[in-house]
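Chains as they are written, first to last, in our numbering: chain Z, 16 to 183; chain F, 16 to 183.
Do not rely on the hints blindly, as some may be mistaken.
Note that identical chains are pooled: a pair holds if it fits in a single copy or bridges any two copies.
Unchecked claim - 30 Å max Cα-Cα, derived DSBU-like pairs, lysine-lysine:
no., residue 1, residue 2
1, Lys85, Lys23
2, Lys52, Lys167
3, Lys52, Lys23
4, Lys23, Lys159
5, Lys23, Lys172
6, Lys39, Lys85
7, Lys159, Lys84
8, Lys94, Lys84
9, Lys159, Lys94
10, Lys85, Lys146
11, Lys84, Lys23
12, Lys172, Lys52
13, Lys146, Lys159
14, Lys39, Lys159
15, Lys167, Lys23
16, Lys146, Lys172
17, Lys39, Lys84
18, Lys39, Lys172
19, Lys172, Lys159
20, Lys94, Lys39
21, Lys23, Lys94
Derived by calculation from the structure, the hints in this document are not laboratory data.
Protein chains: 2
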Amino acid sequence: MKDVVTLKDLMIYYLQSLLDTESKWCEAIAEAMERIKSPELRGLLIRSAEVSRHHLRILGEMLENLGFKKEFMQGVAVKGLLIEVNEILQAAADPEVRDAAFIVKHQCINHYKIAQYGALSSYANLLGEEKLAAILHHLLLEEKESDAALTKLAESKINPQAQSPLIM
Amino acid sequence: MKDVVTLKDLMIYYLQSLLDTESKWCEAIAEAMERIKSPELRGLLIRSAEVSRHHLRILGEMLENLGFKKEFMQGVAVKGLLIEVNEILQAAADPEVRDAAFIVKHQCINHYKIAQYGALSSYANLLGEEKLAAILHHLLLEEKESDAALTKLAESKINPQAQSPLIM
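Go ahead and model the full structure; you've got the sequences and the hints to work with.
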């Protein structure tokens with residue numbers, strides 16, 4: 016890894032980290048889709064993939080405008096998170112339980128991104144990049160919306176079905 | 016990985032996942048401490064280690080009460096997250112920037128746990144384990160408190176110092 020000396024270096028580091036995360040997550044959603052049973056959850060996944068592709072484009076533009084290449088970080092954290100997504104999709108024998116399990120892994124990815132988008136927006140403000148800060152704050156809100164929609168679906172439908180698959 | 020068939024299996028899976036996370040995170044905090052400059056951040060880290068040890072004990076008791084061993088999951092996601100904590104501590108050349116960088120990685124761990132404690136509390140409620148659900152909800156709130164305290168310190172002090180280390 017290159018040296019991170021200034022706050023701007025750190026902003027670039029986290030922009031490239033998220034670029035890698037959004038890119039890998041887009042691919043992971045497409046693979047996960049065929050293992051998901053609930054039509055509502057599949058609907059949220061289609062939306063997640065759209066959001067992620069949109070974020071990927073925005074992050075790439077930001078890096079280019081800041082004079083940096085769209086370099087991908089190849090982060091080991093997101094790699095580990097996505098290995099666990101696959102593991103639980105394989106290990107969960109019951110389709111309803113599998114959907115419930117997948118939601119939590121999806122939210123782990125949401126939250127991993129939330130922590131980074133929040134910090135990036137704060138850095139951009141300090142660096143006098145108000146427009147960039149506002150866009151990053153908007154990307155943060157989209158992650159929070161996705162997380163909230165998943166919690167709502169899990170608690171209202173998916174988890175109760177996973178608890179009593181035969182009587183639902 | 017063992018088969019996950021029921022919602023109770025899934026609860027055990029995420030309890031064991033968090034047991035592993037809290038255990039590894041306790042060790043990681045102790046190692047990170049000597050690389051942190053800010054006394055306020057060191058104070059929050061001492062609190063994080065206390066919280067994590069407390070969570071570790073509670074999770075172990077929950078698993079035993081449910082008739083399961085305190086088996087550690089050996090998750091690859093938390094392993095990856097902690098490798099990145101070390102990477103950024105090594106790569107950040109400036110102490111103020113290093114503190115700012117570390118806060119985000121700490122918050123990535125907080126958020127990784129938030130997603131899982133939230134789901135576990137919901138599962139416990141559905142499984143009629145109201146007392147367990149209430150405790151898990153409390154652990155969730157402690158993670159959110161830690162996250163909020165880190166954001167406050169970052170925005171009020173650490174990030175501005177990282178932006179202008181010479182004039183602060």
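Verification of the hints:
no., hint, verdict
1, Lys85 / Lys23, "within (16 Å within a copy, 43 Å between copies)"
2, Lys52 / Lys167, "within (17 Å within a copy, 41 Å between copies)"
3, Lys52 / Lys23, "between (44 Å within a copy, 20 Å between copies)"
4, Lys23 / Lys159, "both (25 Å within a copy, 27 Å between copies)"
5, Lys23 / Lys172, "between (44 Å within a copy, 17 Å between copies)"
6, Lys39 / Lys85, "within (14 Å within a copy, 33 Å between copies)"
7, Lys159 / Lys84, "within (28 Å within a copy, 35 Å between copies)"
8, Lys94 / Lys84, "both (22 Å within a copy, 28 Å between copies)"
9, Lys159 / Lys94, "both (22 Å within a copy, 25 Å between copies)"
10, Lys85 / Lys146, "within (20 Å within a copy, 49 Å between copies)"
11, Lys84 / Lys23, "within (15 Å within a copy, 47 Å between copies)"
12, Lys172 / Lys52, "within (12 Å within a copy, 47 Å between copies)"
13, Lys146 / Lys159, "both (20 Å within a copy, 28 Å between copies)"
14, Lys39 / Lys159, "both (19 Å within a copy, 27 Å between copies)"
15, Lys167 / Lys23, "between (37 Å within a copy, 20 Å between copies)"
16, Lys146 / Lys172, "between (39 Å within a copy, 22 Å between copies)"
17, Lys39 / Lys84, "within (18 Å within a copy, 34 Å between copies)"
18, Lys39 / Lys172, "within (28 Å within a copy, 34 Å between copies)"
19, Lys172 / Lys159, "both (20 Å within a copy, 25 Å between copies)"
20, Lys94 / Lys39, "both (8 Å within a copy, 18 Å between copies)"
21, Lys23 / Lys94, "both (25 Å within a copy, 27 Å between copies)"
The earlier numbered hints are all upheld by this structure, with none contradicted.
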